[in-house]
Amino acid sequence: MMKKAIILSGGMGSRMGEMTESIPKVMLKLAGKPLLQHNIELLKRYGIEEICLNLHYLPKSIKEFFGDGSAYGLKIYYNYEPELLGTSGALLAFKNILTENFFVIYGDVVGKVDLEKLERFHLLKKSDATLVIHPSSHPEDSDIVQIDNDSKINGFIKKPGNRNFGTLGNAAWYILSPKIFDFLPAGKSDFIRDVFPKMLENDLGLYGYETSELIGDVGTPERFKKMEEVLSK
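For the sequence shown, our numbering begins at 1 and goes up steadily by one.
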């Protein structure tokens with residue numbers, strides 16, 4: 001199994017309203033634990049030893065809670081962004097750590113995906129970037145991923161999406177090769193808008209790993225409540 005991951009943890013959670021007035025979105029308690037703890041524990045179960053966290057909004061509370069990661073049996077690295085660098089821009093500070101295949105998890109997404117199966121798929125396809133995709137219940141507000149019969153990605157519809165282009169949504173969990181760094185511009189950038197399309201243009205292999213396993217973003221109060229109900233059963 002892979003040993004390294006990054007969890008994007010800098011979001012302000014503006015869609016959450018009062019829930020994130022005094023707490024970072026990734027520290028909101030879901031089924032009794034902070035969102036971030038759910039993902040750290042999942043990664044640990046699958047053998048991850050080093051996790052990178054980008055911070056922006058109320059960073060102190062995150063660092064104080066998780067520390068150096070030793071309580072979870074792993075190492076945590078932090079980078080504070082005075083201005084958010086975007087989903088892919090966040091990787092730049094960790095280039096010297098993410099030197100082999102690594103997981104990317106968006107901080108407001110939780111799930112129970114079998115990461116071992118996901119990695120096997122990534123290796124079987126000799127993929128440069130593997131995106132977890134799933135039928136989205138809200139494609140109009142999702143990044144839509146288009147794939148061929150071999151699961152190879154041939155296009156993206158940036159949110160707001162449109163049901164006419166399909167309903168396979170980007171679940172915002174990835175496996176990436178270090179080749180990704182060849183396509184990251186300096187400063188702010190976004191995977192779907194800036195980086196993945198450029199990789200496609202250069203004939204790199206991007207694949208969609210379609211799954212019906214539990215995975216979902218909890219970036220709105222409604223979705224947060226729905227996931228809480230699912231995890232509490």
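It is possible that some hints are incorrect.
Taking lysine-lysine pairs in the DSS-like style, the calculated list, with each CA pair at most 30 Å apart, reads [to be verified]:
#, residue 1, residue 2
1, K112, K95
2, K198, K63
3, K29, K75
4, K29, K152
5, K29, K233
6, K179, K29
7, K75, K117
8, K225, K179
9, K29, K125
10, K198, K60
11, K233, K198
12, K159, K75
13, K44, K95
14, K126, K198
15, K233, K152
16, K159, K198
17, K75, K3
18, K159, K125
19, K95, K60
20, K126, K179
Don't read these hints as lab results, they were simulated from the structure.
Hint compliance check: list the failing hint numbers for this structure, sorted ascending. 2, 4, 6, 8, 9, 10, 11, 12, 15
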